[in-house]
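Protein chains in written order, with this note's numbering: chain Z, 371 to 744; chain A, 371 to 744.
Among the hints, erroneous ones may be present.
Note: identical chains are not told apart, hence a pair may lie in one copy or across any two.
To be verified - List time: in silico DSSO-like cross-link candidates among lysine-lysine, alpha-carbon distance up to 30 angstroms: (1) Lys409 x Lys739; (2) Lys582 x Lys456; (3) Lys605 x Lys582; (4) Lys739 x Lys582; (5) Lys670 x Lys456; (6) Lys409 x Lys582; (7) Lys396 x Lys409; (8) Lys646 x Lys396.
No lab work stands behind these hints: they were computed from the structure.
Quantities reported herein were computed from a predicted structural model and do not represent experimental measurements.
Listed below are the residues making up each chain.
Number of protein chains: 2
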Amino acid sequence: MPLVIGVLAETHPGERRLSVVPDVVKKYQGLGARVVMQKGAGLPAHFRDADFAEVALVERADEVCAEADVVFCVQPPAPATLAALKPGSVLLGLLQPWASAERARQLAEGQVTAFALELLPRISRAQSMDALSSQGAVAGYECALIAADHSPKFFPMLTYAAGTIRPAKVLVIGAGVAGLQAIATARRIGAMVEAYDVRPETREQVESLGAKFIDTGVAAAGSGGYARELTDEEKAKQAERLARAVAQCDALITTAALPGRPAPRIIGADMIARMKPGAVVVDMAADTGGNVEGTVAGDKVWINDVLVIGPTHIPSRMPVHASEMLAKNLFNFISPFIRDGALALDWEDEVISGSCLTHAGEIRHPGVKQALGL
Amino acid sequence: MPLVIGVLAETHPGERRLSVVPDVVKKYQGLGARVVMQKGAGLPAHFRDADFAEVALVERADEVCAEADVVFCVQPPAPATLAALKPGSVLLGLLQPWASAERARQLAEGQVTAFALELLPRISRAQSMDALSSQGAVAGYECALIAADHSPKFFPMLTYAAGTIRPAKVLVIGAGVAGLQAIATARRIGAMVEAYDVRPETREQVESLGAKFIDTGVAAAGSGGYARELTDEEKAKQAERLARAVAQCDALITTAALPGRPAPRIIGADMIARMKPGAVVVDMAADTGGNVEGTVAGDKVWINDVLVIGPTHIPSRMPVHASEMLAKNLFNFISPFIRDGALALDWEDEVISGSCLTHAGEIRHPGVKQALGL
Numbered sequence: 371m372p373l374v375i376g377v378l379a380e381t382h383p384g385e386r387r388l389s390v391v392p393d394v395v396k397k398y399q400g401l402g403a404r405v406v407m408q409k410g411a412g413l414p415a416h417f418r419d420a421d422f423a424e425v426a427l428v429e430r431a432d433e434v435c436a437e438a439d440v441v442f443c444v445q446p447p448a449p450a451t452l453a454a455l456k457p458g459s460v461l462l463g464l465l466q467p468w469a470s471a472e473r474a475r476q477l478a479e480g481q482v483t484a485f486a487l488e489l490l491p492r493i494s495r496a497q498s499m500d501a502l503s504s505q506g507a508v509a510g511y512e513c514a515l516i517a518a519d520h521s522p523k524f525f526p527m528l529t530y531a532a533g534t535i536r537p538a539k540v541l542v543i544g545a546g547v548a549g550l551q552a553i554a555t556a557r558r559i560g561a562m563v564e565a566y567d568v569r570p571e572t573r574e575q576v577e578s579l580g581a582k583f584i585d586t587g588v589a590a591a592g593s594g595g596y597a598r599e600l601t602d603e604e605k606a607k608q609a610e611r612l613a614r615a616v617a618q619c620d621a622l623i624t625t626a627a628l629p630g631r632p633a634p635r636i637i638g639a640d641m642i643a644r645m646k647p648g649a650v651v652v653d654m655a656a657d658t659g660g661n662v663e664g665t666v667a668g669d670k671v672w673i674n675d676v677l678v679i680g681p682t683h684i685p686s687r688m689p690v691h692a693s694e695m696l697a698k699n700l701f702n703f704i705s706p707f708i709r710d711g712a713l714a715l716d717w718e719d720e721v722i723s724g725s726c727l728t729h730a731g732e733i734r735h736p737g738v739k740q741a742l743g744l
Numbered sequence: 371m372p373l374v375i376g377v378l379a380e381t382h383p384g385e386r387r388l389s390v391v392p393d394v395v396k397k398y399q400g401l402g403a404r405v406v407m408q409k410g411a412g413l414p415a416h417f418r419d420a421d422f423a424e425v426a427l428v429e430r431a432d433e434v435c436a437e438a439d440v441v442f443c444v445q446p447p448a449p450a451t452l453a454a455l456k457p458g459s460v461l462l463g464l465l466q467p468w469a470s471a472e473r474a475r476q477l478a479e480g481q482v483t484a485f486a487l488e489l490l491p492r493i494s495r496a497q498s499m500d501a502l503s504s505q506g507a508v509a510g511y512e513c514a515l516i517a518a519d520h521s522p523k524f525f526p527m528l529t530y531a532a533g534t535i536r537p538a539k540v541l542v543i544g545a546g547v548a549g550l551q552a553i554a555t556a557r558r559i560g561a562m563v564e565a566y567d568v569r570p571e572t573r574e575q576v577e578s579l580g581a582k583f584i585d586t587g588v589a590a591a592g593s594g595g596y597a598r599e600l601t602d603e604e605k606a607k608q609a610e611r612l613a614r615a616v617a618q619c620d621a622l623i624t625t626a627a628l629p630g631r632p633a634p635r636i637i638g639a640d641m642i643a644r645m646k647p648g649a650v651v652v653d654m655a656a657d658t659g660g661n662v663e664g665t666v667a668g669d670k671v672w673i674n675d676v677l678v679i680g681p682t683h684i685p686s687r688m689p690v691h692a693s694e695m696l697a698k699n700l701f702n703f704i705s706p707f708i709r710d711g712a713l714a715l716d717w718e719d720e721v722i723s724g725s726c727l728t729h730a731g732e733i734r735h736p737g738v739k740q741a742l743g744l
C-alpha cells in the first residue's frame with residue numbers, strides 16, 4: 371500500500387488558496403505517493419480538476435480523511451473533518467495553533483500527528499518551508515498595490531507636456547518579509563518610500579531596497595525574528611517620531627505582527643487626524659486586530675478625509691502564486707521523510723519536533739500549551 | 371472690473387475631478403483675475419475650500435455663472451447651469467461635444483463661447499493643453515494597477531526561499547497615451563509586456579518602454595493621431611494574430627478609442643473563451659461601449675474563469691493628480707489670452723478657433739455639426 375496524500379478543499383469564507391498545485395502533486399506522485407483530492411478543491415485558485423493528473427477525486431472531506439495518511443490543508447479544517455482523520459495520520463497546514471484549545475485537544479484525542487507551519491523553527495534550513503514568509507511576501511506586494519490603486523495621486527514621478535508630477539511618499543511600518551515586499555513594490559511603482567521597524571538591524575535591508583529608514587531611537591529586537599513588545603515610554607517616543615512621518619506621507623502601509631498575539635496598535639487616531647487629505651492607509655494586520663486605530667477588518671472606512679483599508683485574507687487575493695508558494699513550502703517540509711512511497715518522520719529533526727502541535731495523543735508544543743493554558 | 375473666473379462643482383455621478391487646483395488658482399489671480407467657486411467644489415478631489423486663498427465662495431452653480439466671465443468645468447454642466455451662463459461668457463472644459471446636439475444648441479442660443487478640450491487641434495504647440503492625453507495617462511496608469519491588483523499572480527519575477535515565480539504576461543491593446551502609460555506601469559511593476567496597435571509607427575514607442583510589439587500585418591494609421599476604422603478582412607487578420615496573444619497572456623488591458631465614436635470591438639467572446647483560467651481583462655473603453663465583448667461598464671464580471679473589469683470614470687480614481695493635470699491644461703489653453711485682468715481671445719489662433727464649439731450664437735465646429743446632423 372503506497373502512502374496516500376489527501377488534499378482538502380478549503381471551507382473558510384474568503385480563503386481561495388490550495389495546499390497543492392499541479393506541479394507539486396506530480397512530485398508527490400514521483401515519490402511513490404497516491405493523491406486523493408476533493409473535487410473542485412482547486413477552482414477558487416483557478417486550478418481545474420483536469421489540471422491534476424492521476425489524482426483520485428472524491429466528493430467530501432471525510433472521504434479524503436478516510437483514505438489519507440497525510441492530509442494537507444491551508445486553513446484548519448472544520449471539527450467534523452478533523453473527526454474523520456485516521457488515528458496516526460498526519461495533518462499539515464497553517465493550523466492557527468494559538469487560536470483554539472478545542473482544536474488542539476480534538477487533534478490530540480484523535481491521535482493525529484498535526485504540524486502547524488506557523489510553529490516552524492526560524493532556522494536557515496527551514497526557510498524553504500516557511501509559509502509565513504512566502505505568504506507574507508504575497509501580502510506585502512498586494513498591500514502596496516492596494517495603496518497605489520486607492521491613492522488619489524500617482525506613485526511615480528511623471529513628466530508630461532504641462533509639467534511634472536512629484537512622486538508620492540509611502541511610509542511602511544514593519545520591515546519583516548511583508549514590509550520589505552511592500553517597500554520593494556512601492557519603489558517599483560515609483561514612490562519615494564520611508565520605512566520603520568523597531569528592530570534596528572532591518573535598516574540595512576530597508577536601505578538596500580532604496581527606501582529611507584526612520585530612526586526613532588527605540589530598539590526592540592525580539593526572539594525568532596519578531597519584535598518584542600515595547601514599554602510605555604518607548605511607545606511614546608516611537609509614536610512622536612512616527613507621527614511626523616505619518617503626517618507627511620501620501621500612503622501608509624502597516625505590517626506589524628506578533629506571533630500568536632493581537633497585532634500591536636501603532637497608529638493612533640491622533641496620528642490619522644494629522645494625515646493629508648486623500649491619504650490612504652492599508653492596515654495589513656486587520657485580520658488580527660489592526661495596527662491602526664479605526665481599521666475595520668474587511669472594509670474601507672473614511673476617517674475625516676483619510677481612507678483606511680483593512681484587507682482580510684490578503685494572500686487569497688493572489689491565489690495562483692500564493693498556492694504555488696505554499697504548496698512548495700509544504701512539500702519541502704514533508705518530502706524529506708517520504709521514501710519509497712512510505713512516510714518515516716524523524717523526531718530528532720528540529721523542524722519536525724519544533725513544528726509539531728499534536729502527536730500520539732498529546733499536545734506537544736510547549737509555547738502553544740502555555741498560551742492556551744493547557 | 372477685473373476678469374472673473376468661475377469654477378463649478380462637478381455634478382456627474384462618479385466624477386471627482388476639479389477644473390482648478392490651488393496652485394493654478396494663484397496663477398489666475400497673478401494674471402489679475404478674481405476667482406469665484408462653488409463651496410466644497412474641491413472636496414471630492416481632496417481640496418478643501420481653505421486650500422484656495424482669496425477665492426469668493428458661493429453656494430450655487432448659477433451664482434458662479436451670474437458673476438463669471440470665464441467658467442471652468444470638467445464635465446458638461448447641467449442644462450439649468452448652462453442657462454445661467456452670461457451671454458458673451460466663456461465656458462471651458464471637457465464638454466463632450468459629440469454627445470448632445472441639445473447642449474450645443476443651448477450654448478449657441480445663450481450666446482456662450484464654449485471651448486471643448488476634446489476638439490483641441492493635435493498640434494505640437496497644443497500638447498501642454500491636451501487634456502485627453504493627460505487624462506489618458508492617468509487612465510493607463512490606473513488600468514495597469516487594476517490589472518495587477520486583480521491578477522491571481524505576481525506581475526514581477528520573484529525569487530524566494532523555495533523557488534522562483536515567473537513574471538506575468540501582460541498584453542496591452544492600443545498604444546496611445548493611455549496604452550503607453552499602461553505598458554510603462556505594468557513594466558515598472560515587473561510584468562513581461564506585449565502590445566499591439568493598428569498604427570505601426572507606435573512600434574518604436576512600445577519597444578522603447580521594454581515591451582514587445584505584436585505585428586499582425588494590418589496597418590491603419592488615421593488622422594489626428596487616432597486609428598482609422600478597419601475593413602472586415604483586416605479585422606479578421608488582426609483578430610487571428612491577436613487571439614493567439616490573448617490566449618497566452620495573464621492580463622489584458624484594452625485602450626482603443628475612436629474620437630466621438632463608440633469604442634471599437636476588438637476582443638470577441640471567442641478570444642475570451644481561450645484565455646487562461648484566472649486571467650484578468652481591464653477594458654478601459656467600458657465608458658464608450660467597450661473593446662471587449664461582455665464588458666459591463668462599472669462592474670466586474672466573470673466569463674468562465676476570466677475576470678472582465680469595465681472601470682468607468684477612471685481618472686476620478688486619482689482625482690488629486692488628474693485635477694492638477696487637467697487644471698494646468700486649461701490654464702495653458704486660456705492664460706495666453708488673459709492680460710492685465712482682461713480676456714482677449716485671438717480668433718486667428720488655430721487652438722482657439724479649432725477648439726471652439728459655439729460662439730456668437732453659432733455652433734462653430736464643422737466636425738461636430740456634421741456628426742450631430744446640425
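Do the hints match the structure? See the list:
no., hint, result
1, Lys409 x Lys739, "neither (36 angstroms within a copy, 61 angstroms between copies)"
2, Lys582 x Lys456, "neither (53 angstroms within a copy, 54 angstroms between copies)"
3, Lys605 x Lys582, "within (21 angstroms within a copy, 51 angstroms between copies)"
4, Lys739 x Lys582, "neither (40 angstroms within a copy, 57 angstroms between copies)"
5, Lys670 x Lys456, "neither (43 angstroms within a copy, 43 angstroms between copies)"
6, Lys409 x Lys582, "neither (49 angstroms within a copy, 39 angstroms between copies)"
7, Lys396 x Lys409, "within (17 angstroms within a copy, 65 angstroms between copies)"
8, Lys646 x Lys396, "between (52 angstroms within a copy, 21 angstroms between copies)"
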